[in-house]
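Protein chains in written order, with our numbering: chain A, 1 to 115; chain Z, 1001 to 1110.
Since the hints were made in silico from the structure, they are not lab data.
Where hints are given, some of them may not hold.
Said to hold, decoys possible - Within a straight-line C-alpha distance of at most 30 Å, the following computed DSS-like cross-link-like pairs (lysine-lysine) qualify:
1) Z:K1107 - A:K55
2) Z:K1069 - A:K3
3) A:K53 - A:K13
Claimed, not checked - Simulated coverage check for chain A against chain Z, where a stretch passes if three residues somewhere in it have a Cβ under 8 Å from a Cβ of chain Z:
4) 18-31
5) 73-82
6) 104-114
As the structure is a computational prediction, the values presented were derived from the model and not from experiment.
For glycine and all other residues, C-beta sits at the position ideal for the given N, C-alpha and C.
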Amino acid sequence: DVKVTQSSRYLVKRTGEKVFLECVQDMDHENMFWYRQDPGLGLRLIYFSYDVKMKEKGDIPEGYSVSREKKERFSLILESASTNQTSMYLCASSTPASGRGNEQFFGPGTRLTVL
Amino acid sequence: SQQGEEDPQALSIQEGENATMNCSYKTSINNLQWYRQNSGRGLVHLILIRSNEREKHSGRLRVTLDTSKKSSSLLITASRAADTASYFCATASGTYKYIFGTGTRLKVLA
Chain A
1 DVKVTQSSRY LVKRTGEKVF LECVQDMDHE NMFWYRQDPG LGLRLIYFSY
51 DVKMKEKGDI PEGYSVSREK KERFSLILES ASTNQTSMYL CASSTPASGR
101 GNEQFFGPGT RLTVL
Chain Z
1001 SQQGEEDPQA LSIQEGENAT MNCSYKTSIN NLQWYRQNSG RGLVHLILIR
1051 SNEREKHSGR LRVTLDTSKK SSSLLITASR AADTASYFCA TASGTYKYIF
1101 GTGTRLKVLA
């Protein structure tokens, strides 16, 4: 059974804290993604990675960074958390587009609250 | 602005009825996908239709794609209470980038 796991379902942090969100996939996928989901705005891409140590900015990278040291793990880092980063964070993975269809597999999400 | 815009934003139907939701997009695409999200959870892939396909079926799901109108529809036949969820379309125009719409919230009443 394919799986994408995220380190926490719920997280509460204070303004200014450094926050790490971890994502692990067991499908040997090359591509991994971080989205945030907010009411009325849908899913917005923060960063994606197409290989180990490779990363590309998405639509809203400001205030975030990522790390991909191993193929199965993709971390999202909030350098200095702010209240406007309170959101649901979703990690996803997929094969390359030339593979079997490039559907994305999502983790269960981390609901982050920044106080 | 969102590439994918679902319509309607919310839909409430009785069990056994069909549910139709629509998605419009702005740029050319390689494929279009539909996902389901149960409350507070991650998204689950339902079906993918490529730009050279016009219609696709999977169980009780039927998806159509009209590239001339830049639109797609998702039909769920004989709906069940378990179909209650939010449904999102996502367009893939490049190798890596997917653009998601804001979703349609479907409620199926038992």
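Checked hints:
1. Z:K1107 - A:K55: violated, 38 Å
2. Z:K1069 - A:K3: violated, 36 Å
3. A:K53 - A:K13: holds, 27 Å
4. 18-31: violated (count 1)
5. 73-82: Coverage by chain Z is violated for the segment 73-82 of chain A (0 residues, Cβ < 8 Å).
6. 104-114: holds (count 7)
The structure shown violates the earlier hints numbered 1, 2, 4, 5.
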